[in-house]
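Add chain B to chain A, keeping to what the hints say.
Protein chains: 2
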Amino acid sequence: MLDFVHDINTKVLFGKGCIEKLPEELAPLGRRVLLAYGGGSIKRTGLYDTIMKLLSDGGFEVTELSGIEPNPRIGSVREGVKLCRERGIEAVLAVGGGSVIDCAKAVACGVFFEGDPWDMIRTSRRRMKALPLAAVLTLSATGSEFDDSGVISNLETHEKLGAILTPPAVSFCDPTYTFTVSKYQTASGSADILSHIFEGYFSRTDDSDVFDGLAETVMKTVIKYTPTALDEPENYSARANLMVCSSIGCSGIPEYGKRGTGWPCHAMEHELSAYYDITHGVGLAILTPRWMRHILKKDPTVTPRFARFARNVFGITEGSEAELAEKGIDAIDAFLRSVGLPTCLSELGIGEEHFEAMAEHANRGGRLERAYVPLTKEDVIGIFRACL
Amino acid sequence: MLDFVHDINTKVLFGKGCIEKLPEELAPLGRRVLLAYGGGSIKRTGLYDTIMKLLSDGGFEVTELSGIEPNPRIGSVREGVKLCRERGIEAVLAVGGGSVIDCAKAVACGVFFEGDPWDMIRTSRRRMKALPLAAVLTLSATGSEFDDSGVISNLETHEKLGAILTPPAVSFCDPTYTFTVSKYQTASGSADILSHIFEGYFSRTDDSDVFDGLAETVMKTVIKYTPTALDEPENYSARANLMVCSSIGCSGIPEYGKRGTGWPCHAMEHELSAYYDITHGVGLAILTPRWMRHILKKDPTVTPRFARFARNVFGITEGSEAELAEKGIDAIDAFLRSVGLPTCLSELGIGEEHFEAMAEHANRGGRLERAYVPLTKEDVIGIFRACL
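Protein sequence lines, in the order shown, are assigned to chains A and B. Start counting the first sequence at 1435; every next residue gets the next number (my numbering). Start counting the second sequence at 1435; every next residue gets the next number (my numbering).
The following block holds chain A by itself, in its conformation from the complex (with noise of 0.2 Å):
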């Protein structure tokens, strides 16, 4: 097992009603609040409504940045940071899902970034000064709500970048406010969070059983309820326990002890998001496939690890090595097709005319070349290829 810090400061209140705690948990944040919200969908739950009572009736003062973008754009960070200036905002609220909380994060440490936000979005490599930061999740899928990073775009330089920014003091996670997330935003949610474990799972140490165990723990969880929250949107279990695994999943925690991958389908995903401001979830659960098919082939070594994953999240245990391997894969593949997700970027309306470039884009530095199998810029090409 090798080191690592725990350092997720992050108080989670979980279950039906926990909103209800709102005043009393952000009133030592601050008085003045910058409330983040995307596009209306909290209006129509009637969260807004909910959430601006609690923060009238508790005495504080609101100041609104709307209309933030799914893959969050820049331009948001900016107003925000502009918006907590002039107001004096105190403290930020986050309410949606990762986007909306990954823009309230950089708008919360661009408060005191001097220069543009887009520069601390390009060099930020360790937690930054920020407001404090409470959210209340509205999706399950990016783990934002308990972590420091966020993932912003700029859709000029064709850019999807993720950074260290803070983590919430605070997150309320109400699983009753996934309830009316669409089938699409479920599934792509579940994927993003699968893929959050693979990219971790997937690594050359073998000796991390507890945070492997974790990790197999989260991936069956996500694999029983996601078809229960699909055919029942409304049921209790399922979606609590797809709201626990997203906060899990891009906590860290169960990468803890093991070797750094790369996170190489983030990578290749981001530049599909970039080129093309798809959902992640649903470029995640295109690519993963594929690049496990890939890296398998090209590196039969990590073929005990496929096999593991066989065994330990689908139950598969007739086989050799290689043939678990194989039928790991295709049990993912499997899964991943039958949540109702566009299952190749042909689907998307996505060719290959920008692949030269977004293959040379997500490798920069030659990151990829250090991931779990080492992709050269030809091998990400090919990955893209395989999913159109």
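Please note that the accuracy of each hint is not assured.
[Said to hold, decoys possible] Result set (DSBU-like, lysine-lysine): computed pairs, CA atoms no more than 35 Å apart in a straight line:
1. A/K1563 x B/K1487
2. B/K1450 x A/K1445
3. B/K1477 x B/K1516
4. A/K1761 x B/K1761
5. B/K1654 x B/K1732
6. B/K1563 x A/K1487
7. A/K1654 x B/K1731
8. B/K1761 x B/K1732
9. B/K1445 x A/K1658
10. B/K1761 x B/K1658
11. A/K1658 x B/K1658
12. A/K1811 x A/K1761
13. B/K1654 x A/K1732
14. A/K1654 x B/K1654
15. B/K1445 x A/K1455
16. B/K1654 x A/K1731
17. B/K1445 x B/K1654
18. B/K1450 x B/K1477
19. A/K1761 x B/K1654
20. B/K1563 x A/K1563
21. B/K1617 x B/K1658
[Claimed, not checked] Here are the computed distance ranges between Cβ atoms for each label pair:
22. A/P1661 x B/D1491: 56 to 64 Å
23. B/G1480 x A/R1560: 26 to 34 Å
24. B/E1498 x A/P1661: 54 to 62 Å
25. B/E1752 x A/E1666: 30 to 38 Å
26. B/E1752 x A/E1794: 51 to 59 Å
27. A/E1781 x B/R1801: 53 to 61 Å
28. A/R1798 x B/G1451: 27 to 35 Å
29. B/D1733 x A/K1487: 42 to 50 Å
30. B/R1465 x A/R1798: 41 to 49 Å
31. B/E1757 x A/K1658: 19 to 27 Å
32. A/P1661 x B/T1662: 32 to 40 Å
33. B/S1490 x A/G1596: 36 to 44 Å
34. B/K1563 x A/K1658: 40 to 48 Å
Just so you know, these hints were derived from the structure itself, not from any lab. Keep in mind the model is a prediction, meaning the values are calculated, not measured. Cβ coordinates follow ideal geometry from the N, Cα and C atoms, glycine included.
Chain B alone, transformed into the frame defined by chain A:
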């Protein structure tokens, strides 16, 4: 899944040599430090010298509280509180196992408590105002390095009571510090970790999949690596996994979303330790299989959970649910007998003379009547008798 609150803001530095970061992590907490430790073991291993040099080079002013007992006593807490007040201590540094860390927690809180520390222990049900606390772990067992509670004994009143105190701000978890832990203490520690998991795992809630999966992972890991640590005391993978299991075991996380169980084995064991000052893990190892057999017989509705335990922890799949349940208990019983600990109370010279009073006390306020399988005073006496 039931509601829960996750609120553990302890930073954990994990790995060989992490102590080098002690000055950096301690400096923001305070310069005048109370160094709390137990017997001479940290002097024999050289850890005391290492820490004193780091503190001295870092310009810290050190006051020592030494000789903290296993099953730490209220007298040590009183002494620590007095030292803190006299010397204007700003931070407490605990170096040891759970007993030392528990005592240090009580000292850190006791400084701000008006009145005798034993009254604080008797009454505390929520986090207390406390001096900041850092912990250097030398024994994988209690999980005190990653929770907010502590257990303090009062030999005069035959009481051993748990209290909510304060979590460490930072814990240093270096598995190599446990290389010198004896077989007896290693096995006792593993029994303690397992018991922390059992106490939450055997619950009436069946849809907290993620946390049940985590619990099963910890159990499997302890069962896998304890024999390794006994055979090869310097096996880093074994010591590291056990240390991680220690921290997770008592954190409350494996119980998130689950109905409370009353922690019946701990309630009973605390009576054994309070009357006979035995090693906590030993008491738990003796009690647990007897408790399991007792409740399975008393309430067959728990059969499916015990069958799940057999399947998911021991991989036992042959037999009816009732047979699986029995086989699971047989398996954990055999494991606990295999690690070289005393297997019954008579081996420890304990007879039944105090069982009546101990059972009465374990069940004070009728708390064991709210356990997973409710226990009467007669049940508790029956379980104690089965341990003879």
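Do the hints match the structure? See the list:
At most 35 Å may separate the alpha-carbon atoms for a hinted pair to count; A/K1563 and B/K1487 meet this at roughly 32 Å. Restraint check: the Cα-Cα separation between B/K1450 and A/K1445 comes to about 29 Å, which is no more than 35 Å; the hinted pair holds. Distance hint between B/K1477 and B/K1516 is fulfilled; the C-alpha atoms sit about 24 Å from each other, no more than 35 Å. For a cut-off of 35 Å, the pair hint linking A/K1761 to B/K1761 stands: about 32 Å separates their Cα positions.
At most 35 Å may separate the alpha-carbon atoms for a hinted pair to count; B/K1654 and B/K1732 meet this at roughly 27 Å. Of the pairs offered as hints, the one joining B/K1563 and A/K1487 holds, with about 32 Å between alpha carbons and a cut-off of 35 Å not exceeded. Restraint check for A/K1654 and B/K1731: the C-alpha separation of about 32 Å stays at or below 35 Å, so the hint holds. With a C-alpha separation of about 17 Å, the suggested pairing of B/K1761 with B/K1732 holds against the 35 Å cut-off.
With a C-alpha separation of about 32 Å, the suggested pair B/K1445 and A/K1658 falls inside the 35 Å cut-off, and the hint holds. Taken as a hint, the B/K1761 and B/K1658 pair is honoured in the structure, with Cα atoms around 18 Å apart against an allowance of 35 Å. Of the pairs offered as hints, the one joining A/K1658 and B/K1658 holds, with about 27 Å between alpha carbons and a cut-off of 35 Å not exceeded. The hinted pair formed by A/K1811 and A/K1761 meets the criterion: a straight-line CA distance of about 27 Å does not exceed 35 Å.
Of the supplied pair hints, the one linking B/K1654 and A/K1732 holds, its CA atoms being roughly 33 Å apart against a limit of 35 Å. For the hint pairing A/K1654 with B/K1654, the CA-to-CA distance comes to about 17 Å; that is within 35 Å, so the pair holds. Straight-line distance between C-alpha atoms of B/K1445 and A/K1455 comes to about 25 Å, which keeps the hinted pair within the 35 Å bound. The suggested pairing of B/K1654 with A/K1731 holds, with an alpha-carbon distance near 32 Å, which does not exceed 35 Å.
Between B/K1445 and B/K1654, the direct Cα distance comes to roughly 25 Å. Compliance with the 35 Å bound is thereby established for this hinted pair. Taking the CA atoms of B/K1450 and B/K1477, the gap is about 19 Å. The hint holds against a cut of 35 Å. A distance of roughly 25 Å separates the Cα atoms of A/K1761 and B/K1654; the hinted pair therefore holds under the 35 Å criterion. Straight-line distance between C-alpha atoms of B/K1563 and A/K1563 comes to about 26 Å, which keeps the hinted pair within the 35 Å bound.
With a C-alpha separation of about 15 Å, the suggested pair B/K1617 and B/K1658 falls inside the 35 Å cut-off, and the hint holds. Between A/P1661 and B/D1491 the Cβ separation comes to about 59 Å, which falls inside the hinted range of 56 to 64 Å. Under the hint 26 to 34 Å, the C-beta atoms of B/G1480 and A/R1560, about 33 Å apart, fit the expected range. Distance hint check for B/E1498 and A/P1661: the Cβ-Cβ separation is about 60 Å, which falls inside the suggested range of 54 to 62 Å.
A C-beta distance of roughly 34 Å is found between B/E1752 and A/E1666, which places it inside the suggested range of 30 to 38 Å. Taking 51 to 59 Å as the suggested C-beta distance range, the pair B/E1752 and A/E1794 conforms, at roughly 56 Å. Between A/E1781 and B/R1801 the beta carbon distance is about 59 Å. The supplied range of 53 to 61 Å therefore holds. Between A/R1798 and B/G1451 the beta carbon distance is about 33 Å. The supplied range of 27 to 35 Å therefore holds.
The given range of 42 to 50 Å is respected by B/D1733 and A/K1487, whose C-beta atoms sit roughly 46 Å from each other. B/R1465 and A/R1798 have their C-beta atoms about 45 Å apart, which keeps the hinted 41 to 49 Å range intact. With their beta carbons about 26 Å apart, B/E1757 and A/K1658 fall inside the hinted range of 19 to 27 Å. For the hinted restraint 32 to 40 Å between A/P1661 and B/T1662, the CB-CB distance of approximately 39 Å keeps it satisfied.
Hint check: B/S1490 to A/G1596, Cβ distance near 41 Å, so the stated range 36 to 44 Å holds. At about 43 Å, the beta-carbon gap between B/K1563 and A/K1658 stays in the expected band of 40 to 48 Å.
Of the numbered hints listed earlier, not one is contradicted by the structure.
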